[in-house]
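K.L.:
Here is what each chain is made of, one letter per residue.
Protein chains: 2
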Amino acid sequence: MNVKERLAALRAQMHEQGLAAYVVPGNDPHASEYMASHWCEMQWLSGFNGESGTMVVTLDRALLWTDSRYYLQAGIELKDSTIELMRESDIDCPSVAEWLCGELRITNDELRIGVNPEMFSVNDFKEWKEKFAEAGIGVKSVDLIKPIWTEGRPAIPSDKLYPYSADFAGETVESKLARMRESLESKVESQKSKDYALIVSALDEIAWLLNIRGYDVEYNPVVISYVVLEADKCTLFVNPEKIDSAAQNYLDFNNINVQPYEAVFEYIHGLRGTIFYDGAKVNEALYEAIDKGPSDQGPRTKAKNIQSPILVDKAKKNAVELEGERIAMRQDGAALTRFFKWLEEEAFQQPRTEWDLMEKLHEFRAMGENFVEESFGTIAGYQGNGAIVHYAATKEHCAEVKKEGMLLLDSGGQYLDGTTDITRTVWLGGRIPQQAKLDYTYVLKGHIALQTARFPRGTRGNQLDALAKQYMWQAGITFGHGTGHGVGHFLGCHEGPQNVRTDNNPTPLEVGHIISDEPGIYRTGQWGIRTENLITVIPAKQTKATTTEDEWLTFETLTLCFYDTSLIEMNLMTEDEIDWLNAYHVRVYKEVSPLLNEEERKFLARKCAALEVGE
Amino acid sequence: MNVKERLAALRAQMHEQGLAAYVVPGNDPHASEYMASHWCEMQWLSGFNGESGTMVVTLDRALLWTDSRYYLQAGIELKDSTIELMRESDIDCPSVAEWLCGELRITNDELRIGVNPEMFSVNDFKEWKEKFAEAGIGVKSVDLIKPIWTEGRPAIPSDKLYPYSADFAGETVESKLARMRESLESKVESQKSKDYALIVSALDEIAWLLNIRGYDVEYNPVVISYVVLEADKCTLFVNPEKIDSAAQNYLDFNNINVQPYEAVFEYIHGLRGTIFYDGAKVNEALYEAIDKGPSDQGPRTKAKNIQSPILVDKAKKNAVELEGERIAMRQDGAALTRFFKWLEEEAFQQPRTEWDLMEKLHEFRAMGENFVEESFGTIAGYQGNGAIVHYAATKEHCAEVKKEGMLLLDSGGQYLDGTTDITRTVWLGGRIPQQAKLDYTYVLKGHIALQTARFPRGTRGNQLDALAKQYMWQAGITFGHGTGHGVGHFLGCHEGPQNVRTDNNPTPLEVGHIISDEPGIYRTGQWGIRTENLITVIPAKQTKATTTEDEWLTFETLTLCFYDTSLIEMNLMTEDEIDWLNAYHVRVYKEVSPLLNEEERKFLARKCAALEVGE
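So the protein lines, in turn, are chains A and B.
Just so you know, we're using my numbering here: the first sequence kicks off at 50 and counts up by one.
Just so you know, we're using my numbering here: the second sequence kicks off at 50 and counts up by one.
FYI, nobody ran anything at the bench for these hints, they're computed from the structure.
Source: prediction; values computed, not measured.
Certain hints may be false.
Not close to chain A: a few residues of chain B, all C-beta gaps over 10 Å, as computed [said to hold, decoys possible]:
#1 E176
#2 E422
#3 D599
Keeping only pairs whose Cα atoms sit at most 27 Å apart, straight-line, the calculated BS3-like set for lysine-lysine is [as the list claims (entries may be wrong)]:
#4 K241/B to K180/A
#5 K639/A to K409/A
#6 K178/A to K351/B
#7 K178/B to K175/A
Beta carbons: idealized from backbone N, C-alpha and C, even for Gly.
Turn these sequences into a full structure, and let the hints guide you.
P.N.:
Printed below as a string of structure tokens:
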């Protein structure tokens, strides 16, 4: 089937169901950042291969919403498909819901929209449904892709899962389950405090809770599955093929029952008592499976939308996880040292592209002990490409890199010990424009200000965001992405609930949270500069000068890699900042050099040389 | 009647109404910060004269909740009253609602609580009612104080109101009404866009909308009244005694109808169509007056809770209002210069108390052109008293001030031209402890960082809060109050919706907003240091370095008064900070000195002398 045939098949289904429109949102049932190809319904239906987009199909039109990163690609891939491109980054572009409520409404008297409830979180579905109800539009839960995507649809991955040792995780499954159960029990309002269940659908939460890992998704070592946690049992819903005898022993040992992946809906329907779910993550189909019907003795179940206690606890890394992060950071620092040495000394003996650099960096990282895979697709943005925030070079479409100008390199690794994510921007050669030095230094000053901040317990990331921006703001410069995201431990490179962003976020920073610290400046067509470390929240010592009972927090910098000091405008740096930089470079050398050979050590020593005021 | 007799009379009423408890929240019907004595029901019932508190009376107990500012006073004033003091600043103190839902619930099978709906905002009432409904407790709207407080109850003030010239206000009533009507019309969802009304109960909103002022409340030049604004008329509900012939002419000229204050309820009951109200301000009794019953042609009214468009517009000062503020600031600066000169050169020729200083400052302020009254009760906190954030000395209870140690002085004026609010902390004599200099300098650096910030349009105050705290945070010090509050124009010294606080606030800072910039450090028993300017948001020039389409904002400092430079620890100051301080002092001298005599000018010149780096 080609795209036109797929659309025709979908419309036949819509007609049968009495639907005026069908929406394919480009999600999976687990609210994943990276999806298994089985769930790439939007891509299959449209022929557009970008990572983000929403398809809307009506009886006579087909539209695809995507953001500015993908305009070019979508333009090419949607050609001759009859699908109209909706440029959602443009100010005058209506949202999917607006378009459906408005434009579509005019031409139809009675409207029903179809959506697959597995592809919407409970909260998103509720918001949509309310919006449509106001406009007199009904929403029907129905999967119309399944009946038509029968040929060539990739299966859900059946790779084996594996136990993740408590030596790395720092806590046994038994201990985690007991802690979660205690937390849930305290949230049950009825007398029967043991009469509860928690539905878990986020793959990183399941991996953390059960100390398991897998290969089902690129960049994230997770296992496609659901979990239902009850007072007296814990059930993992997963394709049985994924479990070998070692895994089976492990699950048995931990009293974890296994049921087939698809059995989760029926199982949920049979649950009674208080049923907890995190509406931001759990999909609407799971929620709809809950038996809400009343019985003679009152309603059978009480569904309760809560922030997942797994999410909250997973974010606070324990001492073993943090020690693992430190080990991974040394490996990562060694890989980057080797890469930058190669880049400076060897790379340009022949022509090089951004793709070559990405491959070479991967090669160096893969040498690291306990390296598993990259934690996201490396961004190697040369000159103007560095200014494209989500730039992703491919082997076919990438720029040649020369021994001059600016290179932005954002990359990370999944190690058994932990997850890394680092950005360094370096000058490859030629005269450095003064504005480039200024930009680099504003970014660096903000980057230092955030990771050296001290703050009272209770402070949220959005309160600290301006610390990283204040210097560039004074110069009339800002950037559009978050300053920091949460990071998992050998799990998602992006995780909640903590972050450092402009938007209000109610989550206070807590000891053990890991966040990135990555301000940037982007000059379209010229260069992009971003400097990123991972940092973790630690208790700060009480000072004698304190006036309050507050407990104090600060950050420990985890990432271990030098900065390109040739780009620093020293006149803008304070003594404190230079002292911090020098101390950091001493530490980088001390921690990374034992992993290097002599030549590499010499290179690193040169890069870590102390700066002096007035230099 | 004494307090015991009042409680007995209330209980008789409660018994008659079948109420298990009655709550007196210490509010007025206009959600005012400062109340007319007519509404001091909590004070009358309890005998406690603090400004803040909530009374709960049950059939056998009486309790008063108040915060730590008033523990001492309440302890004395409640003695022998049978009223139990609930210390609401203590961590283990239940809230009023918690106490009623919990402790009271145990002893009563069926419960109903009485409250006067005039004393609760719609939003607060709703929250309470829901909380009580969950606990199986009913809430009855009833005023039980009116029938028992018959003797000696102060009348609602009948002072005359007066027109406030558009020469000061910068906009005519006609223009304001037209703008508000346009805004409301756009919010009406039905076809009949003229079929709406806005209920206004906040006194500063009424004063701003109708360009009227009055004398009904201390510190705030407002008129006790309600307004109902419709497409074709505007009605002011006010005691007719308050209107003399000039005012009547003014109101007639502006087509403002007048009805008696109490007539508002019946008038609201007669309204049809969309009825807008700001549930954060409008009291529950007004809301209950809306006729929500259905008619044959569908429901009679649609009540819609919105943020008051008057609140939003009032906060954005026009050019005339801002010019007025600048004029008032010169007057204020002159008054403070005279005061500090007197303090340094004459005051201690005889013993002085904090109260003496407050009176003397009032004297100097009252000399100012267009001065009307103070904008709040002056805080003169000597030594350890400065560390009590809401310290209020009285003539009877105040400390002696000597020519040594620290004095915190927070005061402000209402001028026809605008409202001022300024805090300066000065050292009166003796050796300055090093910690005092450090504290003063951390505060000053934060105070400068906030008022010199540049930021993109859309930035909220809570994003900037950390800029004012970052230096003291590094020293492990913080403070518990907001860093900045909105300020009215010849109206409330505290107004919304903008502020600079730790708490998330969705309101972005906008051009014309006035806020205070007042970080502080408080050492119990030693000293309090606070430094406060009023600043207004202005557009910032686009820089050549900018990378985005963002519009940029910054602040103009309005307040004109020198800082005590003897308290500055110069080693902590950057060159930029010293440059700012010197430029500010040059400006203070230039703008204030024309109002001074020669001796005063000499004093001011000395106080404004330039500092040099390394001093």
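K.L.:
Look at each hint and say if it fits the structure.
P.N.:
A quick look at each hint next to the structure:
1. The Cβ of E176/B lies farther than 10 Å from every Cβ of chain A, with a closest approach of about 18 Å, so its non-interface assignment holds.
2. For E422/B, the shortest C-beta to C-beta distance to chain A comes to about 34 Å, beyond the 10 Å cut-off, and the non-interface label holds.
3. At roughly 6 Å from the closest C-beta of chain A, the C-beta of D599/B falls inside 10 Å, breaking its exclusion from the interface.
4. Taken as a hint, the K241/B and K180/A pair is honoured in the structure, with Cα atoms around 23 Å apart against an allowance of 27 Å.
5. Proposed proximity of K639/A and K409/A is supported: the alpha carbons are some 25 Å apart, at most 27 Å.
6. Only pairs whose Cα atoms come within 27 Å are accepted, and K178/A paired with K351/B is accepted, the gap being roughly 23 Å.
7. Of the supplied pair hints, the one linking K178/B and K175/A holds, its CA atoms being roughly 25 Å apart against a limit of 27 Å.
The structure is inconsistent with hint 3 alone, although it conforms to all the rest.
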